[in-house]
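Each chain is listed here by its residues.
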Amino acid sequence: MKKLKYALFTGCTAKQSTPEQMMSTMAVADKLGIELVELTEASCCGASHLQDYDDFLSLVLNARNIAYAEKHELTMVTICNTCQLNTAMTKQRLDNNEELKAKVNEKLAEVGLEYKGTSAVTHFLYAIIDDFGLDRLKEMVVTPLSQFNIAPFYGCHNIRPSELQNETHKTAENPYNPTSLDDLIIACGGESVDYDEKNKCCGFHVELQAPHTAAVLTGNAIAGAMDGNADWMVTPCPLCHLKLDTQTAHASEAIGREVELPVLHMQQMLGLALGCTPAELGLNHHLAKVDFI
Amino acid sequence: MSIPIYTYDAVIVGAGLAGCAAARELQNAGKKVAVITKLHPLRSHSGAAQGGINAAFSDEDSVELHEFDTVKGSDYLADQDAVEFMCKNAPETIRWAEKMGAAFSRKPDGKIAQRPFGGQSSPRACFAKDRTGLTLLQTVYEQAYRVGVKFWDEWYAADIIYKDGKVSGVVAFNIRDMQVAIFNAKTVMFATGGYARAYKINSNAHANTGDGLSIVARHGLPLEDMEFVQFHPSGLSGNGVLISEAARGEGGRLYNAKGERFMEKYAPNALELASRDVVARAILNEIREGRGVGPRKDAVYLDVTHLGKDLIMNKLPELRELAMTFLGLDMIKEPILISATAHYSMGGIPVDIDGHARKNNKEFIEGFYAAGECSCVSVHGANRLGANSVLEALLFGRFVGKTMLKDLESIELRKAVQEDAATALKEIEFLLNNNGNESVPALREELQQCMTANAGAFRTKESLQIAVDTVKELRKRFKNVRLRDKSKLFNTELQEALEFGHMLDYSLFIVESAIAREESRGAHYREDFQNRDDENFLKHTMAYMDKDGNISLDYMDVVLGKHELRERNY
Amino acid sequence: MSTEHKITTQKVNFKVFRFNADEDYLPYYENYDMEVTSEEVVLDILNRIKWDHDGSFSYRRSCRHGICGACAIKVNGRSTLACKESMNDMVALFGKELVIEPLSIKRAVKDMVIDKADFWEKHDAITPYLVAEIDENPTTENLVSPKDAQKLDEADLCIQCGACHYACPVVEINEDFFGPAAFAAAYRFEADVRDNSESRLKDVNEERQGVWDCVKCFECAQVCPKDIDPIGKITKLHQMAFQEGVANNNVAVRHAVGFKKSIVKNGVLDEGGLVLYSEGPAIVKHLPVAFKMFTKGKIVPPWGITKSENLDEIQKLVKSSSTAKF
Numbered sequence: 014m015k016k017l018k019y020a021l022f023t024g025c026t027a028k029q030s031t032p033e034q035m036m037s038t039m040a041v042a043d044k045l046g047i048e049l050v051e052l053t054e055a056s057c058c059g060a061s062h063l064q065d066y067d068d069f070l071s072l073v074l075n076a077r078n079i080a081y082a083e084k085h086e087l088t089m090v091t092i093c094n095t096c097q098l099n100t101a102m103t104k105q106r107l108d109n110n111e112e113l114k115a116k117v118n119e120k121l122a123e124v125g126l127e128y129k130g131t132s133a134v135t136h137f138l139y140a141i142i143d144d145f146g147l148d149r150l151k152e153m154v155v156t157p158l159s160q161f162n163i164a165p166f167y168g169c170h171n172i173r174p175s176e177l178q179n180e181t182h183k184t185a186e187n188p189y190n191p192t193s194l195d196d197l198i199i200a201c202g203g204e205s206v207d208y209d210e211k212n213k214c215c216g217f218h219v220e221l222q223a224p225h226t227a228a229v230l231t232g233n234a235i236a237g238a239m240d241g242n243a244d245w246m247v248t249p250c251p252l253c254h255l256k257l258d259t260q261t262a263h264a265s266e267a268i269g270r271e272v273e274l275p276v277l278h279m280q281q282m283l284g285l286a287l288g289c290t291p292a293e294l295g296l297n298h299h300l301a302k303v304d305f306i
Numbered sequence: 003m004s005i006p007i008y009t010y011d012a013v014i015v016g017a018g019l020a021g022c023a024a025a026r027e028l029q030n031a032g033k034k035v036a037v038i039t040k041l042h043p044l045r046s047h048s049g050a051a052q053g054g055i056n057a058a059f060s061d062e063d064s065v066e067l068h069e070f071d072t073v074k075g076s077d078y079l080a081d082q083d084a085v086e087f088m089c090k091n092a093p094e095t096i097r098w099a100e101k102m103g104a105a106f107s108r109k110p111d112g113k114i115a116q117r118p119f120g121g122q123s124s125p126r127a128c129f130a131k132d133r134t135g136l137t138l139l140q141t142v143y144e145q146a147y148r149v150g151v152k153f154w155d156e157w158y159a160a161d162i163i164y165k166d167g168k169v170s171g172v173v174a175f176n177i178r179d180m181q182v183a184i185f186n187a188k189t190v191m192f193a194t195g196g197y198a199r200a201y202k203i204n205s206n207a208h209a210n211t212g213d214g215l216s217i218v219a220r221h222g223l224p225l226e227d228m229e230f231v232q233f234h235p236s237g238l239s240g241n242g243v244l245i246s247e248a249a250r251g252e253g254g255r256l257y258n259a260k261g262e263r264f265m266e267k268y269a270p271n272a273l274e275l276a277s278r279d280v281v282a283r284a285i286l287n288e289i290r291e292g293r294g295v296g297p298r299k300d301a302v303y304l305d306v307t308h309l310g311k312d313l314i315m316n317k318l319p320e321l322r323e324l325a326m327t328f329l330g331l332d333m334i335k336e337p338i339l340i341s342a343t344a345h346y347s348m349g350g351i352p353v354d355i356d357g358h359a360r361k362n363n364k365e366f367i368e369g370f371y372a373a374g375e376c377s378c379v380s381v382h383g384a385n386r387l388g389a390n391s392v393l394e395a396l397l398f399g400r401f402v403g404k405t406m407l408k409d410l411e412s413i414e415l416r417k418a419v420q421e422d423a424a425t426a427l428k429e430i431e432f433l434l435n436n437n438g439n440e441s442v443p444a445l446r447e448e449l450q451q452c453m454t455a456n457a458g459a460f461r462t463k464e465s466l467q468i469a470v471d472t473v474k475e476l477r478k479r480f481k482n483v484r485l486r487d488k489s490k491l492f493n494t495e496l497q498e499a500l501e502f503g504h505m506l507d508y509s510l511f512i513v514e515s516a517i518a519r520e521e522s523r524g525a526h527y528r529e530d531f532q533n534r535d536d537e538n539f540l541k542h543t544m545a546y547m548d549k550d551g552n553i554s555l556d557y558m559d560v561v562l563g564k565h566e567l568r569e570r571n572y
Numbered sequence: 003m004s005t006e007h008k009i010t011t012q013k014v015n016f017k018v019f020r021f022n023a024d025e026d027y028l029p030y031y032e033n034y035d036m037e038v039t040s041e042e043v044v045l046d047i048l049n050r051i052k053w054d055h056d057g058s059f060s061y062r063r064s065c066r067h068g069i070c071g072a073c074a075i076k077v078n079g080r081s082t083l084a085c086k087e088s089m090n091d092m093v094a095l096f097g098k099e100l101v102i103e104p105l106s107i108k109r110a111v112k113d114m115v116i117d118k119a120d121f122w123e124k125h126d127a128i129t130p131y132l133v134a135e136i137d138e139n140p141t142t143e144n145l146v147s148p149k150d151a152q153k154l155d156e157a158d159l160c161i162q163c164g165a166c167h168y169a170c171p172v173v174e175i176n177e178d179f180f181g182p183a184a185f186a187a188a189y190r191f192e193a194d195v196r197d198n199s200e201s202r203l204k205d206v207n208e209e210r211q212g213v214w215d216c217v218k219c220f221e222c223a224q225v226c227p228k229d230i231d232p233i234g235k236i237t238k239l240h241q242m243a244f245q246e247g248v249a250n251n252n253v254a255v256r257h258a259v260g261f262k263k264s265i266v267k268n269g270v271l272d273e274g275g276l277v278l279y280s281e282g283p284a285i286v287k288h289l290p291v292a293f294k295m296f297t298k299g300k301i302v303p304p305w306g307i308t309k310s311e312n313l314d315e316i317q318k319l320v321k322s323s324s325t326a327k328f
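From first to last, the protein sequence lines are chains V, L and Z.
The numbering of the first sequence is this note's numbering, which starts it at 14 and goes up by one.
The numbering of the second sequence is this note's numbering, which starts it at 3 and goes up by one.
The numbering of the third sequence is this note's numbering, which starts it at 3 and goes up by one.
Incorrect hints may have been included.
Covered stretches of chain L (in silico footprint by chain Z; criterion: 3 or more residues with CB under 8 Å from a CB of chain Z, positions within the stretch not fixed) [unchecked claim]:
| no. | region |
| --- | --- |
| 1 | 45 to 52 |
| 2 | 246 to 253 |
| 3 | 324 to 331 |
Just so you know, these hints were derived from the structure itself, not from any lab.
Beta carbons are placed, not taken as given, at the ideal position from N, Cα and C, and that holds for glycine.
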């Protein structure tokens, strides 16, 4: 089988507040034999906040990021749900609106770039499921996570709006009953926990302006996983991870109940199953206790 | 326990286009207005109108042509003074709705866009994609809300207070808790909508049970031209949900099982855009003669695939959704299955141009008005033209509001008393406590099946007699009804029973009026009398119900005018 | 000409929420097994429960073809307009065990009927009508170009069914929040070239009640039976606030603007810098968590940030492509 190769859009968080995500991504890619070409020229995607301020500017910047992936003639892989949403949404809008695409390209031409629409944009989770394959992954598992109940936390921007999201990957995801992350947990030998909050919002995007709303949502999510008897949680989104991992004190206060669980990035879970060491996966960078290893 | 009495200048029952338009007019002039509706106003069935609203304001069109098309469409039964009034005021009415916020589709020059519709000499239907009624309803409600109209939503109007030739209020109850109240008013307007729910296959909302008509009729007051029920050519196969005439207006074609464009036989010039009654009968005839399609062979094909994806998505997006939801068919890619569906009520509470309800051919009821589909002005005569219904509701609703405003100067309030609610209370108590063995859904099913089979688009003396007998029999059985729900909270079973009682009463008006009209005119088609008979039947039916529930018939002259009687061909 | 159109049936189990606030202390669920056909929609099932099984079963409904907005309920937790969802699609989404519940259990009055007062209050709060002088006897209409008419972006198709409102997680937590349907309605008028309201856009940009408290979860876009895309309208209301100069200088607004500042400087985000710019002196409240994050190597100082390569390109594009000011 041909070696898989992608252009990696790391997003900002992996390089700052979730360094463990960057480490585990590279470690897992190495184990799986996936080549990731980092798009070091990429800018921030705007995180849906720049979009509130200046829609056109955010389109131009995201188109520029994709244009670099196109230069490499590679599919762009994202490792953050919000990066995925904003990049895929830009792509969808430009690919379906020639006039808008021309306007954006007029700007990109100033710096010698062009958005063509030739590179797909997909989240690492779906790259593994669609391209690498879960069967192949299963065969490579050396440390099955069989003793763990693992609660998947999908994050909004990978599953909604499904009309957009399902265009970016082959595995059709039902936003009301998503299965991709459950399938990944099972492929790693773990037991996936079903709970109401698994496809709900973590509150990250209103952390600053509506801290109570954000804290209640985080608290509900962790509480749901705890009530589902989870040993730990796993998420494909570093922003969800930040909320679930670092905001447990506020969350506990907001819902009037002590909540805390170890929360792993999807790549960390994969890494554990594939035999990476805790140090390679940056498990020492968490605030919530990771005490199950 | 005493019943609260609320006092208003005007009480309006129904919050669709007609009710909201009248309410805004009155409130805007400083009157105290209450609108009673069994739904939330924005749920009213005006919002379901899809294709358009007529006004002759393009260069190629004229008010006179609009009049002519309306009168011809009506098979000459419309009152021409009313038609003239409507057509003359249509352009201003639509522009008024536009000024209030209606989101019409536009032409490149920014003016309101218009599309062709059946039976019309010129593209005359102003439209908002395929959701014209929705934007009009929203707009009129919003502006009525803006000026401060008080809406009593989810209240069920059960009776009017009628004594000595005068209406002085409405008895209603709150659907949420069954609290009964008397709405005492100087003027009362009914804008309660149509009655096609009496048919099994119909395009109407569940709410369109024609309550207003039989509430009036039970007081011995007349209903006009009740035999004229329009069957729309294009309801979705199986459930009758409407596919707007806009689909044909934009170029849709009809085919039978043999792949024939069969309208060539029935209306060689207008084809699919002939008048609704003509196209509906053509479809039913094709099915009857074995050329139907679909799993039940009860439909014909409506094909718009040749119009292309862009046009369909731009002008008919809602229709496409409907066919996808109910049939699983995508009209961009394939033809869909349609057949005739009971759609519109031409008959109703007789009123003059100003909306005054008639007590008989000569006298009017003091303080009582009607507008919209529940009324019979009559601008539609024996058959309504597409895109004239929302026009009628909006235009007459507004003008009747003006009439009431004027009349309020001279009408005295007759104070309501507790006994005014007696009839309504008795009816409710009977239904709640009666301990029989009949169920409303089963009886209703029988009524609807019977009406579709025997009083539908094709009628004979024999079939109508079956319908008369069935309705009478069902009435007896209804006395033996039993409800399971005895609670006072949101008792929708009780509401359905009340509504069914009304359906039974007005259905008898439909069939008794139809059996006596021994001719074919517009939507009323008698296979045993296939021609129009102007000598004997160029007249409106005026039907009355006595205390025992028997119907007696009288007739009223049609107001003729400059559009002379002609044979009707399309 | 032919259309392949077959009617199929399948057996489905319905678990139906039952509650009468006058009589029941707690809600309960009733089970119904039914053969459903491919022609049926969810409302047909509600009708069959009422008409064939239990007349006391209550729900709102009217038009039965997705335009009056009365019959929104939840199926397996998902807000659904009962008359517009075919049973085949429901089974494809959720399987043959379907849970039928009202839009909001805590607002349940009787079975599927809920008290929607909060929904209508929010709707009324956004000045839900065209603010314009009404010419009562016009001889011409306003001229609106097709392009301007297009700006409503289908917001005028909203039928006030409440599906998005009761799917919105913020509505459940923050009772001041207007909610996605009210925002879509606000957008419908703000986008209308004929509207002259001076307060509406400000009202929907106020903190706590306004668009800045939206968590961007896309639940509203996902459930909307009319594809109105409420969050798309929320985004546009944000943008309009800047375009029309009514954006308040508050933490939420600075948070949006801060991204641009960061991008100009680094290409990527300076996370700490963004929080500092957004919060100002209020940043002190974040210090305890920030300290813990620092000890775990999760905070990169400004000088440690790896800037985007070819940063000059980004800076040039920001300069040439910016369309908003604050």
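Against the structure, the hints come out as follows:
no.	hint	result
1	45 to 52	holds (count 5)
2	246 to 253	violated (count 0)
3	324 to 331	holds (count 6)
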